[in-house]
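Protein chains: 2
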Amino acid sequence: MLLYDCSTAPSPRRVRIFMAEKSIDIPVKQVDLRNKEQLSDEYRAINPQCDVPFLVLDDGTGIGEVEAVCRYLEDAFPETPLMGTTAKEKGFISMWNHRIEMGGLMAIAEVLRNSSPAFKDRALPGPDNRTQIPELAERGRQRIVDFFQTLDTQLEKTPYIAGEKYSFADITAQVTVDFAAWIKVVIQDSQTHLKKWHDEISARPSAK
Amino acid sequence: MLLYDCSTAPSPRRVRIFMAEKSIDIPVKQVDLRNKEQLSDEYRAINPQCDVPFLVLDDGTGIGEVEAVCRYLEDAFPETPLMGTTAKEKGFISMWNHRIEMGGLMAIAEVLRNSSPAFKDRALPGPDNRTQIPELAERGRQRIVDFFQTLDTQLEKTPYIAGEKYSFADITAQVTVDFAAWIKVVIQDSQTHLKKWHDEISARPSAK
Chain A
1443 MLLYDCSTAP
1453 SPRRVRIFMA
1463 EKSIDIPVKQ
1473 VDLRNKEQLS
1483 DEYRAINPQC
1493 DVPFLVLDDG
1503 TGIGEVEAVC
1513 RYLEDAFPET
1523 PLMGTTAKEK
1533 GFISMWNHRI
1543 EMGGLMAIAE
1553 VLRNSSPAFK
1563 DRALPGPDNR
1573 TQIPELAERG
1583 RQRIVDFFQT
1593 LDTQLEKTPY
1603 IAGEKYSFAD
1613 ITAQVTVDFA
1623 AWIKVVIQDS
1633 QTHLKKWHDE
1643 ISARPSAK
Chain B
1443 MLLYDCSTAP
1453 SPRRVRIFMA
1463 EKSIDIPVKQ
1473 VDLRNKEQLS
1483 DEYRAINPQC
1493 DVPFLVLDDG
1503 TGIGEVEAVC
1513 RYLEDAFPET
1523 PLMGTTAKEK
1533 GFISMWNHRI
1543 EMGGLMAIAE
1553 VLRNSSPAFK
1563 DRALPGPDNR
1573 TQIPELAERG
1583 RQRIVDFFQT
1593 LDTQLEKTPY
1603 IAGEKYSFAD
1613 ITAQVTVDFA
1623 AWIKVVIQDS
1633 QTHLKKWHDE
1643 ISARPSAK
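Protein chains in written order, with our numbering: chain A, 1443 to 1650; chain B, 1443 to 1650.
Possibly wrong hints are sitting among the right ones.
When chains are identical, the list treats them as one kind, so a pair holds in a single copy or across two.
Claimed, not checked - Keeping only pairs whose Cα atoms sit at most 16 Å apart, straight-line, the calculated EDC-like set for lysine to aspartate or glutamate is: (1) K1607 - E1580; (2) K1464 - E1521; (3) K1530 - E1606; (4) K1530 - D1501; (5) K1562 - D1631; (6) K1530 - D1500; (7) K1562 - D1483.
If you're looking for bench data, these hints aren't it; they were derived computationally from the structure.
Generate coordinates for the entire structure from the input sequences, incorporating the hints supplied.
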């Protein structure tokens, strides 16, 4: 098994935290996104989707997309389940993970990819170039500010995002909050539940 | 258990097909999206996210987001598994489902929600209004045209989207292809693999 990773990027960080929490140790190879190595002929031959994380199994099968990589790992390394053990937990964790991806991670990516000169013509990840849309950057900023409030409201009800137990949804939320700092959106003083949760999550060994 | 549904909308259709394939029969209540019933005070109290599908369990827990609802049902009704039985199948189906959601369903929604007068100020689903961005509609149209080619290329390799077996990924792709007709994007004559698969999928009893 070999995991293609980029140590500075938020998406593969979700997999790295997931692996650390489950004490999974597999070989990792860095792909230098800053120098667009993901678009090189060599990497494109490995993963035509041109993104990371990308997990190559021993039989050559490649699995991309964060949730899919984690789902493979959850089943292959069942100890310390992070995606739920009952139908209700599985559904609830999946729901929150999806909401955080759409309302959080995607909103931040919209800001960054549609405003930063570093992402000129790279408004979406993947093999094809896409022109930046400045209005999307503005909309993304409003969405992520709203979403921090959604997280704070949820964390008023339960200690972790999807209930009483730490889960994959906390990992996605943690990476979202840390990624938002790239576009200078931070936890507000009034968001005390989000702040408390974030302090606790950041103190876990997997945060490093 | 009660499923909030809208018989004319693509997202809950994925859950309906999933249930039909697994012979799951649970009570269903219609929410009239055309008349914005999802934004009513009554529905907002049930599901503050203001969308469908939304599954309310007997203990009152609500589960939203298509994949999460299906994940709950997959575990609660394990017969006829559609999300994979091995780690590799689970990962592969999840990967394709995610890709089809992002590259297919989302692209079509971008076109529709950012161009149709019916979606004025409703450029995104959810409780908050968002202004339409016409450039996003244009980009979405190009993306979905490209994505049909991605599906055709994949279906040249395997009879179903995620391999030898029919799965949740086929359901997501089926709803994507049918939803694309709303914006007049259809399978091209040259996309023979996609055409063959779509004919076969559409003939299954669950397609109705």
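Results of checking the hints against the structure:
In the homo-oligomer, the alpha carbons of K1607 and E1580 never lie at most 16 Å apart, since the shortest distance is 35 Å inside one protomer and 43 Å across protomers. Taking the closest pair of Cα atoms, K1464 and E1521 come within 16 Å of each other only inside a single copy of the chain (7 Å); across copies the shortest separation is 29 Å, beyond that limit. Only within a single protomer do K1530 and E1606 lie at most 16 Å apart by alpha-carbon distance; the minimum there is 13 Å, versus 29 Å between protomers. Taking identical chains as interchangeable, the C-alpha atoms of K1530 and D1501 lie at most 16 Å apart only when they sit on different chains, with a minimum of 10 Å there against 33 Å within one chain.
Taking the shortest Cα distances, K1562 and D1631 never come within 16 Å of each other, neither inside one copy (34 Å) nor across copies (34 Å). Taking identical chains as interchangeable, the C-alpha atoms of K1530 and D1500 lie at most 16 Å apart only when they sit on different chains, with a minimum of 11 Å there against 33 Å within one chain. Taking the closest pair of Cα atoms, K1562 and D1483 never come within 16 Å of each other, the shortest separation being 20 Å inside a single copy and 43 Å across copies.
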